[in-house]
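Trainee: For reference, the chains in residue letters:
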Amino acid sequence: MSADRDAEGPPLERWVGLVLRIGVMASSACLTVGLVLVLISGGEGGAAGILLRTGIIVLLVTPVARVVVSTAQYIIVRDWTFAVLTTIVLVELMASVVAAFFLNRRI
Amino acid sequence: MPVVTPSLALIIFVVGAAAGSLGALLGLGGGVFLVPFLNLVLGFPFSAAAAISLTTVIATSSSVSAGRAGKHLINMKLGMLLEVATAAGSLLGGVTAQLIAQSLLQKLFGIVAALVALIMLSRLRRRNVILDPAADPGVLGGRFYEAESRGMVTYRVKRLPLAVAASFVAGNVSSLLGIGGGIIKVPILNAWCGIPLRAAAATSAFMIGVTATAGAIIYYGHGQLEPALAAAAVLGVQVGSWGGLRFGATASSKWLKILMAALLFIVSAMMFLRGGR
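As you go down the protein sequences, you meet chains A and B in turn.
In this text, residue positions in the first sequence follow the numbering used here: the first is 1, and each later residue adds one.
In this text, residue positions in the second sequence follow the numbering used here: the first is 108, and each later residue adds one.
By construction, these hints were calculated from the structure, which means they are not laboratory data.
Small disclaimer: the values here were computed from a predicted structure and weren't measured.
Just so it is clear, CB atoms sit at the ideal spot from N, CA and C, and this is done for glycine as well.
Among the hints, a few may not be true.
[Claimed, not checked] Quick list of simulated restraints, FRET-style, between CB atoms:
no., chain 1, residue 1, chain 2, residue 2, range
1, B, Leu117, A, Ala29, 18 to 24 Å
2, A, Ala26, B, Ile373, 28 to 34 Å
3, B, Ile373, A, Ile75, 46 to 52 Å
4, B, Gly258, A, Ala72, 32 to 38 Å
5, B, Leu352, A, Ala65, 46 to 52 Å
6, B, Pro244, A, Gly43, 34 to 40 Å
7, B, Leu206, A, Ile57, 43 to 49 Å
[Unchecked claim] Residues from chain A shown here face chain B by an in silico Cβ test under 10 Å; the list is partial:
no., residue
8, Met25
9, Leu35
10, Glu44
11, Leu60
12, Ile75
13, Ile76
14, Arg78
15, Trp80
[Claimed, not checked] Some chain A residues well away from chain B (every beta-carbon gap over 10 Å; in silico):
no., residue
16, Gly46
17, Ala47
18, Ala72
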């Protein structure tokens, strides 16, 4: 039991690894197909544009999801210090979304 | 915003692959090579170059850390603590980048590129300090198996405020200039905070995904990220860093570092010339 655990690492590392792996594979797949479609059709409209945008969004969301998973895991093990710290990181990431909208309006 | 053509996408893919493999061989991200190429050679606005580069930083961080998670090399607690500082720095840098002139960003890049070159030259003969395996790592320290020395390396984190400050600066520079920022924090974490080089590098690579995301969201929201070109760069860097990591062990890193330091000095000078106009 403990040897199994050790081989795969503690639960937090397993979850983080899983989230990152899924995120990388999903975004790379969308970006690859999207880019190939752009090269074939010569434009970013239609399916190509949607795939490219989805790929970029998945790419940007992956690290955020990794922080969410960490926060959840720290709450489960009642490590409040790190639950708070990872929540602060999430707030900072949300603040950059807000800043993006704010800058768009002003400039 | 640059117009997407198949040949431009192909060029960016190839340059991304070159930057990614160099980055993997030298232990730094490819951004420090990608940004000047996009800005100086292809003539993209600095913000468009930085935005594309940041997406490659995120992709590299996620894929490298996915493979390393569970192997105890990444110090997740330390990483998540320092992310509070890098994300704050990155948020501030992303906002600042929208408000200051391109010429100032180019000069800043020139300074950082020269600094990176100097750091690289000063660390040609870097060495890991092997600490007492029986030591207590504390809350933030770590313990991992090192293949080269065939032993467990245990370490405690020293001078945490310095690590936090370095992370803030690295995060700030990251989103201002479109680079990962590892080159700024890894030497400090290693030299002054007691963290073995491999753990410092792995933890930094883990952190830069979140760091770069805070900045990239701002560039993307502001319409400065061209998705097709970002895709070409991301895929190129992925292929390149995969190749660099596979064949990295056989390359003579000392001469490569000297060569790349020279290249960075040239980049630095070109950025100053361009920024001074």
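Trainee: Indicate, hint by hint, whether the structure satisfies it.
Mentor: Evaluated hints:
no., hint, result
1, B:Leu117 with A:Ala29: 18 to 24 Å, "20 Å, holds"
2, A:Ala26 with B:Ile373: 28 to 34 Å, "38 Å, violated"
3, B:Ile373 with A:Ile75: 46 to 52 Å, "50 Å, holds"
4, B:Gly258 with A:Ala72: 32 to 38 Å, "34 Å, holds"
5, B:Leu352 with A:Ala65: 46 to 52 Å, "24 Å, violated"
6, B:Pro244 with A:Gly43: 34 to 40 Å, "55 Å, violated"
7, B:Leu206 with A:Ile57: 43 to 49 Å, "25 Å, violated"
8, Met25, "9 Å, holds"
9, Leu35, "4 Å, holds"
10, Glu44, "6 Å, holds"
11, Leu60, "6 Å, holds"
12, Ile75, "13 Å, violated"
13, Ile76, "15 Å, violated"
14, Arg78, "15 Å, violated"
15, Trp80, "13 Å, violated"
16, Gly46, "13 Å, holds"
17, Ala47, "13 Å, holds"
18, Ala72, "13 Å, holds"
When each numbered hint is compared with the structure, violations occur for hints 2, 5, 6, 7, 12, 13, 14, 15.
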